[in-house]
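Asker: The lines below spell out each chain.
There are 2 protein chains.
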Amino acid sequence: MKSAILCIGTEITTGLVRDLNAYFLAFHLTSVGLFPKFILFVPDHKETIGRALQFLFEDGEIQSLFITGGLGPTQDDLTREIVAEVLGKKLCFIPEQWEKIVRFYQKIRHTQPPENNRKQAFIPEGSILLENPLGTAPGFISDFQNKKIFVIPGVPKETEYFWPILKTHLPPNDNQFYRSEMVKICGVGESQFENELQPFLSSLPDTLQTAYLPYFGEVWFYLYSYQKNPQVIQYTENVIKKIKEVWKPYLFSQWGNTLEQACGALLMEKHLTIATAESCSGGLLSHRLTNVPGSSSYFYRGYVVYSNQAKIDTIGIPSSLLSQHGAVSEEVAQALAEGVRVKSGTDIGIGITGIAGPSGGSEQKPVGLVYIGISHSQHTQVKKYLFSGDREVIKIFSTQSALTQLFLELQRGIHNER
Amino acid sequence: MKSAILCIGTEITTGLVRDLNAYFLAFHLTSVGLFPKFILFVPDHKETIGRALQFLFEDGEIQSLFITGGLGPTQDDLTREIVAEVLGKKLCFIPEQWEKIVRFYQKIRHTQPPENNRKQAFIPEGSILLENPLGTAPGFISDFQNKKIFVIPGVPKETEYFWPILKTHLPPNDNQFYRSEMVKICGVGESQFENELQPFLSSLPDTLQTAYLPYFGEVWFYLYSYQKNPQVIQYTENVIKKIKEVWKPYLFSQWGNTLEQACGALLMEKHLTIATAESCSGGLLSHRLTNVPGSSSYFYRGYVVYSNQAKIDTIGIPSSLLSQHGAVSEEVAQALAEGVRVKSGTDIGIGITGIAGPSGGSEQKPVGLVYIGISHSQHTQVKKYLFSGDREVIKIFSTQSALTQLFLELQRGIHNER
Numbered sequence: 005m006k007s008a009i010l011c012i013g014t015e016i017t018t019g020l021v022r023d024l025n026a027y028f029l030a031f032h033l034t035s036v037g038l039f040p041k042f043i044l045f046v047p048d049h050k051e052t053i054g055r056a057l058q059f060l061f062e063d064g065e066i067q068s069l070f071i072t073g074g075l076g077p078t079q080d081d082l083t084r085e086i087v088a089e090v091l092g093k094k095l096c097f098i099p100e101q102w103e104k105i106v107r108f109y110q111k112i113r114h115t116q117p118p119e120n121n122r123k124q125a126f127i128p129e130g131s132i133l134l135e136n137p138l139g140t141a142p143g144f145i146s147d148f149q150n151k152k153i154f155v156i157p158g159v160p161k162e163t164e165y166f167w168p169i170l171k172t173h174l175p176p177n178d179n180q181f182y183r184s185e186m187v188k189i190c191g192v193g194e195s196q197f198e199n200e201l202q203p204f205l206s207s208l209p210d211t212l213q214t215a216y217l218p219y220f221g222e223v224w225f226y227l228y229s230y231q232k233n234p235q236v237i238q239y240t241e242n243v244i245k246k247i248k249e250v251w252k253p254y255l256f257s258q259w260g261n262t263l264e265q266a267c268g269a270l271l272m273e274k275h276l277t278i279a280t281a282e283s284c285s286g287g288l289l290s291h292r293l294t295n296v297p298g299s300s301s302y303f304y305r306g307y308v309v310y311s312n313q314a315k316i317d318t319i320g321i322p323s324s325l326l327s328q329h330g331a332v333s334e335e336v337a338q339a340l341a342e343g344v345r346v347k348s349g350t351d352i353g354i355g356i357t358g359i360a361g362p363s364g365g366s367e368q369k370p371v372g373l374v375y376i377g378i379s380h381s382q383h384t385q386v387k388k389y390l391f392s393g394d395r396e397v398i399k400i401f402s403t404q405s406a407l408t409q410l411f412l413e414l415q416r417g418i419h420n421e422r
Numbered sequence: 005m006k007s008a009i010l011c012i013g014t015e016i017t018t019g020l021v022r023d024l025n026a027y028f029l030a031f032h033l034t035s036v037g038l039f040p041k042f043i044l045f046v047p048d049h050k051e052t053i054g055r056a057l058q059f060l061f062e063d064g065e066i067q068s069l070f071i072t073g074g075l076g077p078t079q080d081d082l083t084r085e086i087v088a089e090v091l092g093k094k095l096c097f098i099p100e101q102w103e104k105i106v107r108f109y110q111k112i113r114h115t116q117p118p119e120n121n122r123k124q125a126f127i128p129e130g131s132i133l134l135e136n137p138l139g140t141a142p143g144f145i146s147d148f149q150n151k152k153i154f155v156i157p158g159v160p161k162e163t164e165y166f167w168p169i170l171k172t173h174l175p176p177n178d179n180q181f182y183r184s185e186m187v188k189i190c191g192v193g194e195s196q197f198e199n200e201l202q203p204f205l206s207s208l209p210d211t212l213q214t215a216y217l218p219y220f221g222e223v224w225f226y227l228y229s230y231q232k233n234p235q236v237i238q239y240t241e242n243v244i245k246k247i248k249e250v251w252k253p254y255l256f257s258q259w260g261n262t263l264e265q266a267c268g269a270l271l272m273e274k275h276l277t278i279a280t281a282e283s284c285s286g287g288l289l290s291h292r293l294t295n296v297p298g299s300s301s302y303f304y305r306g307y308v309v310y311s312n313q314a315k316i317d318t319i320g321i322p323s324s325l326l327s328q329h330g331a332v333s334e335e336v337a338q339a340l341a342e343g344v345r346v347k348s349g350t351d352i353g354i355g356i357t358g359i360a361g362p363s364g365g366s367e368q369k370p371v372g373l374v375y376i377g378i379s380h381s382q383h384t385q386v387k388k389y390l391f392s393g394d395r396e397v398i399k400i401f402s403t404q405s406a407l408t409q410l411f412l413e414l415q416r417g418i419h420n421e422r
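In order, the protein sequences belong to chains A and L.
Position one of the first sequence corresponds to residue 5 (our numbering), numbered consecutively onward.
Position one of the second sequence corresponds to residue 5 (our numbering), numbered consecutively onward.
None of these hints come from the bench; they were simulated from the model.
Any given hint might turn out to be false.
As the list makes no split between identical chains, a pair holds if one copy fits it or if it spans any two.
[Unchecked claim] Below are the BS3-like pairs computed for lysine-lysine, each with C-alpha atoms no more than 25 Å apart in a straight line:
id, residue 1, residue 2
1, Lys161, Lys94
2, Lys152, Lys123
3, Lys50, Lys232
4, Lys151, Lys50
5, Lys388, Lys104
6, Lys369, Lys6
7, Lys171, Lys161
8, Lys161, Lys388
9, Lys347, Lys6
10, Lys123, Lys50
11, Lys161, Lys369
12, Lys50, Lys94
Extracted from the complex, chain A is given alone in its bound form (with noise of 0.2 Å):
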């Protein structure tokens, strides 16, 4: 059973402001198996509306639409009288509405409500209201035709606080979206991990798709359907099951988990500990390490050694390593996690350097190079990356890249020797 969303707004079309209620309302109408087939954004502008209703109203398929946006006071909100007018509707006055716009302003204002807000008294004759307690525009369910039409206020806080009670009114559906399956790699090309999982995707049912998104050198793979059978969840099993098997040590998370979730994970199970010395990662790495809750347990402390003083002052890199190989090297990524892996009596150390850019680089060290060490009591391995892009996307592939190293490493299997 399909849904669509209309989102109303010139300040989302504009790019004024990033949306956050379409996103809300098509993982949540997707996981009740109502898939969006279209997410629709318009301006505040009568025509324009009034032709993306019948756009959708049109399509035969969709049976709930969900419009948000363009309840409020103000002369530039025209979605009440819009869909009124579509659905062929007069707009009715309800007096208990208007009366709690009074009240509502009286507790919060202090002052009568100006008279503009007077239309948000108003629905579609036959329609539903919703009560919004966070403001003063409610929202309505009207019927057209077989559909029906959900309207909910623009604010994102209002359309989550709408969709419990959006959810009881739902059209029965025996829907149900099976998200299978989403695992995430890393360590292996989205193309690569394609081809050699091809063969063993053959004879897919019909109802199950495949999606591949490559996410800063993750994969994420996607086994979901449009339908819950034995079938499907047999074949998905299998797929799964093969997928451990062959690619065990670089599968890092089934469902949400991020990288450095999985990091966490395994070094709380292997009793590790884990300290970090970065320098054109600026302390995204620590940063991301100590988003995971708990990781207090086992991230003791971060350097972000940016300038080489630092680097001999914290970790004790010898100046002239700095000098004859300079900072952006494999020898100082390895001393950098040496040295703070014994500095912060951690098992585990990582030293990241390299140039995030846009300037300090050279023919030689082009800006995007970097050296990734992990230092562990039975070896320090570091790697070099040239990644591309701007300054923010060179933090974020070093930390990735960092994250990854480590995952594959205790993936290995580095022991707590003590």
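Following the hints, position chain L against chain A.
Answerer: Relative to the frame of chain A, chain L by itself:
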């Protein structure tokens, strides 16, 4: 002149991933006067993509159409084929593009590309190929009746990369969206700012619109108009002049600059240097400070002192202070700020200590309690905060507050005394 944006990808319509491309394009298209009339998201589903293209092609007002996503090498990437079909053109193999993919693979992965990458070397007949140095999927530009069709990959960084190139191919137009102004202030609440600004906004011209957007303690205030005329310009100038007079110490940005960029600019202007000692924010502050190009000239180093031992070892916090007041205390924030300044030989030191949660809170010291100290040669200021939200939100608010304190202190006039 109107444009439209079509984003293709089931990951968006199912709410797995939050859109960035349409947001980016909407902002930039608006800036050059190509107002998006529709922004449409569809899943990777052949008929649905076809239906969306038909809807947008039928609209006589839309003169340029921007399509992102679905250009990858995998089977669910359908954009290339469907666009060619709808345009009534056949796909042509571009040998130079295939050679580029081969070289890209050899350079990054040291292997030959898999055979399924070959489809990325095809574009519709008569299209202009847009080279993509960031990945294997090129973009292309096609003409269809009176419309220009721009097709680019769905990876947000690649969309950003392509924009300046697309710009050189845009149809000429005389529209001018007048984003009159956007100012950002910190250290003043949204409704306080709105209330105090209101008296200066009387007799707002009809075509000029205002918007307030709260962003983690910042307030972004917009003045914008679909028409650029002398009245709008004059009015805007007056309002901005007033804001600059009344909120000068809090105004950190006109147009997009971030708080860390504003702080960076002041540090550079005043020839001041800085170091950080972070506990609960876990490195996010140094990450943000080092996101600014050129920050290595003022940011010397950062310490992420997650464990008590790290606070003692690296900054020299007396263990008696920790046992007497606890790690999350005004005293420790002060000692961190002062200690890191002295230890690093910088003009300014920032110390952050708090409880990011979800665990670790108590009745006296709940989750969200954060102390932030800023130290310079003239004095050390510590502020206490109680944030609500999850771990990541508390980290963000901690760094927002630290940067706000820093900005306000720099505005008040910290001097370089060396």
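Asker: If you test the structure against every hint from before, which numbers come out violated?
Answerer: Violated hints (numbers, rising): 1, 6 and 9; every other hint is consistent with the structure.
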